[in-house]
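Same order as they appear, the protein sequences are chains A and B.
For any residue, its number in our numbering is found by taking its place in the first sequence, counting from 1, and adding 997.
For any residue, its number in our numbering is found by taking its place in the second sequence, counting from 1, and adding 307.
Hints may contain errors.
As the list claims (entries may be wrong) - Estimated spans, in silico, between C-beta atoms of each pair:
hint, chain 1, residue 1, chain 2, residue 2, range
1, A, T1072, B, R359, 57 to 63 angstroms
2, B, T360, A, R1066, 45 to 51 angstroms
3, A, P1073, B, R384, 25 to 31 angstroms
4, A, L1006, B, L417, 54 to 60 angstroms
5, A, L1006, B, V402, 31 to 37 angstroms
Stated by the list, open to error - Example chain B residues on the side facing chain A (calculated, C-beta under 8 angstroms, incomplete):
hint, residue
6, H313
7, A317
8, A320
9, D323
10, I324
11, R327
12, Q330
13, V331
14, Q389
15, A390
16, L392
17, R393
18, N394
19, R462
Unchecked claim - Among chain A residues calculated to face chain B with C-beta under 7 angstroms, some are:
hint, residue
20, L1018
21, D1026
22, F1029
23, M1089
24, V1090
25, S1093
In short, the hints are calculated from the structure, not lab data.
All values reported here derive from a predicted model rather than from experimental measurement.
Positions of the beta carbon are idealized from the N, C-alpha and C atoms, including for glycine.
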Amino acid sequence: MTAARFDDLIHPPTRLAIVSLLAASQWADFKFIRDSVALSDSALSKQLATLEQAGYVEIRKGFVGKRPRTSARLTPAGRTAFEQHVAALQAMVARSGVKIVPS
Amino acid sequence: MDEDPHTADAAWALADIQRRQQQVIDQATVPGWYWWAVGALMVVLAVGVDVRTPAALGAAVPVFAVGLLTATGAAVRGQFRQARLRNGLLDGTGVTAILGFVALIVGGTLGIAFALRAGGIHYPATLACLAGGTAMGLGGPVLMRTLRRIMLGNRAGSPR
Chain A
998 MTAARFDDLI HPPTRLAIVS LLAASQWADF KFIRDSVALS DSALSKQLAT
1048 LEQAGYVEIR KGFVGKRPRT SARLTPAGRT AFEQHVAALQ AMVARSGVKI
1098 VPS
Chain B
308 MDEDPHTADA AWALADIQRR QQQVIDQATV PGWYWWAVGA LMVVLAVGVD
358 VRTPAALGAA VPVFAVGLLT ATGAAVRGQF RQARLRNGLL DGTGVTAILG
408 FVALIVGGTL GIAFALRAGG IHYPATLACL AGGTAMGLGG PVLMRTLRRI
458 MLGNRAGSPR
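Bound conformation, chain A alone (with noise of 0.2 angstroms):
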C-alpha cells in the first residue's frame, strides 16, 4: 500500500495536470503536454524546471529527422510522489466521507 504524502510541489494545478499526464505515460512530448494543460512554451518550460529541479522529471532533448524534439519523463521519485500525493488526497476525502464519481 502506498503511503499518504502530501506534496507541495506537485499540488499546485498546473503542476499537477502536467505530473497526472506523464504519470500515465512512459514519456510525453512537449507539444502533447503544452496542448493538454494550455500552457505556453515558456510557461510549461518554465514547470518542467522546477520539477526537473526537484528530480520529479527526466527532460529528454533529441532530433526527428532535423526536427529538435523534447519529451519528458516522471523518474521513479517523481512517480513515488505522485502516487503518495494522489493517496493523502483520497484520504483527506476518504475522511470527509465524500464520493468521487468516476467520469
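Given chain A, put chain B in place with the hints provided.
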C-alpha cells in the same frame, strides 16, 4: 452545511488527475476506421485466394501487405508523436482481451471458410472474410472500450 475547503480542493484535484490520465489513454486509442480498413483488406486478400489465378493473387497480396502497413502506420503515428502509454496500464487482462479478440476473428473466419468449402459454396474465403471483416469493424471499437476501462482501472489513484 459547507464543505471543508481542503476536502473540496482534494476532491477537485483527484477529479483532475483522473481527467488528465484519461487524456493520455484516449490519445492512444486505435481509431474506429482502422478496424474497418483491416476488415476490407482481409476481403481483398480472400478474393485473390478464391479467384485462384496468379494475377489475382499477385495483385491481392501486395495490396493487403501495403494497405495493412499504411493503415497501421497512420493509426499509431500520431500516438507515438504525442505520448507513449506506461507499460503497467495494460495488464494481463488487457493482453488476454487482445489475444481473445484476435483468436475469435481468425478462428471464426477460418471456421466459416472451411464450413462453406465443405458445403460446396463458391468463394468461401471471400464470404468468410466478409463476415470476419464485419466482426472486426464492429468488434474493434468494443475491444478499445474494454482496454480503456482496464487501463483506467490500473492508473494511479483508481479505486481498485
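Let me know if the C-beta of N394(B) comes in closer than 8 angstroms to any C-beta of chain A, holds or violated.
7 angstroms, holds
Return the status of the interface hint for L1018(A): holds when the least beta-carbon distance to chain B is below 7 angstroms, violated otherwise.
OK, holds: L1018(A) within 7 angstroms of chain B, min 5 angstroms.
Looking only at beta-carbon atoms, does the pair L1006(A), L417(B) fall within the given range of 54 to 60 angstroms?
At roughly 56 angstroms between Cβ atoms, L417(B) and L1006(A) fall inside 54 to 60 angstroms, so the hint holds.
Could you check the hint for me, namely that P1073(A) and R384(B) are 25 to 31 angstroms apart, CB to CB?
29 angstroms, holds
Hinted contact F1029(A) with chain B - closest CB pair below 7 angstroms:
Check passed: Cβ of F1029(A) comes within 4 angstroms of chain B, closer than 7 angstroms.
Hint status (Cβ of R462(B) to nearest Cβ of chain A, threshold 8 angstroms)
6 angstroms, holds
Does the closest beta carbon of chain A sit nearer than 8 angstroms to the beta carbon of R327(B)?
4 angstroms, holds
Status of the hint placing A320(B) at chain A (closest C-beta pair under 8 angstroms):
This hint holds: A320(B) lies near chain A, its Cβ roughly 5 angstroms from the closest one there, short of 8 angstroms.
Hint check, D1026(A) versus chain B [nearest Cβ-Cβ separation less than 7 angstroms]:
Holds, because the Cβ-Cβ distance from D1026(A) to chain B comes to roughly 5 angstroms (cut-off 7 angstroms).
For the hint on A390(B), does the least C-beta distance to chain A fall short of 8 angstroms?
With a minimum Cβ separation of about 4 angstroms from chain A (threshold 8 angstroms), the hint on A390(B) holds.
Have a go at the V331(B) hint: is there a Cβ in chain A nearer than 8 angstroms to its own Cβ?
V331(B) check passes; min Cβ-Cβ to chain A is 4 angstroms, inside 8 angstroms.
Would the hint on R393(B) stand, with a C-beta cut-off of 8 angstroms toward chain A?
5 angstroms, holds
Violated hints are absent here; each numbered hint is respected by the structure.
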